Amino acid sequence: MEHRRCHFRLSTIGDVTRGVIDQLVEGIYRALETTEERLDRRCDDICFQMYLRISALTSKIEAIQGELVEIQSYIARRPDASASIDRRNNKSTDTHTHTSVDDATNRGRLVQR
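If you're matching positions, the sequence shown starts at 1 in full-length UniProt numbering and goes up one per residue.
Everything labelled a hint here was simulated from the structure, so no lab data went into it. Quick caveat, the model's predicted, so the values are computed rather than measured. Possibly wrong hints are sitting among the right ones.
Label-pair distances were calculated between CB atoms; the ranges are [stated by the list, open to error]: (1) Leu24 - Ala63: 54 to 64 Å; (2) Val69 - Ile28: 52 to 62 Å; (3) Leu39 - Ile61: 24 to 34 Å; (4) Leu52 - Asp22: 39 to 49 Å; (5) Phe48 - Ile71: 32 to 42 Å; (6) Thr34 - Ser55: 27 to 37 Å; (7) Thr35 - Gly66: 42 to 52 Å; (8) Arg42 - Glu62: 23 to 33 Å.
Cβ atoms here follow ideal geometry from the backbone N, Cα and C, with glycine treated the same way.
Could you put the whole structure together from the sequences, leaning on the hints where they help?
What follows is the structure, given as structure tokens:
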């Protein structure tokens, strides 16, 4: 019995309430769509800038890799190619004589010790 009364009350005021609720729901959905569109545009702006920066970095990396390949092939083609930094002298850098600046005896020029 109580269930009928509750149902009856809702159906009598339901016409007015449904219209108001529908308007509120439509307003909420419009606000959500507007917010979603703004967020999409903002994300697109951010992602596009990141894409441009990543693309520029990728291009620079590819250019450097190309230069590295050219340098490596140049080194490999040289007849005196060796693993040493100083291609004319394969000795260790530790065996070289040390030099220093001696202001008193040689006016600041490098002199052998």
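(message) Hint compliance check: list the failing hint numbers for this structure, sorted ascending.
(response) The structure breaks none of the hints.
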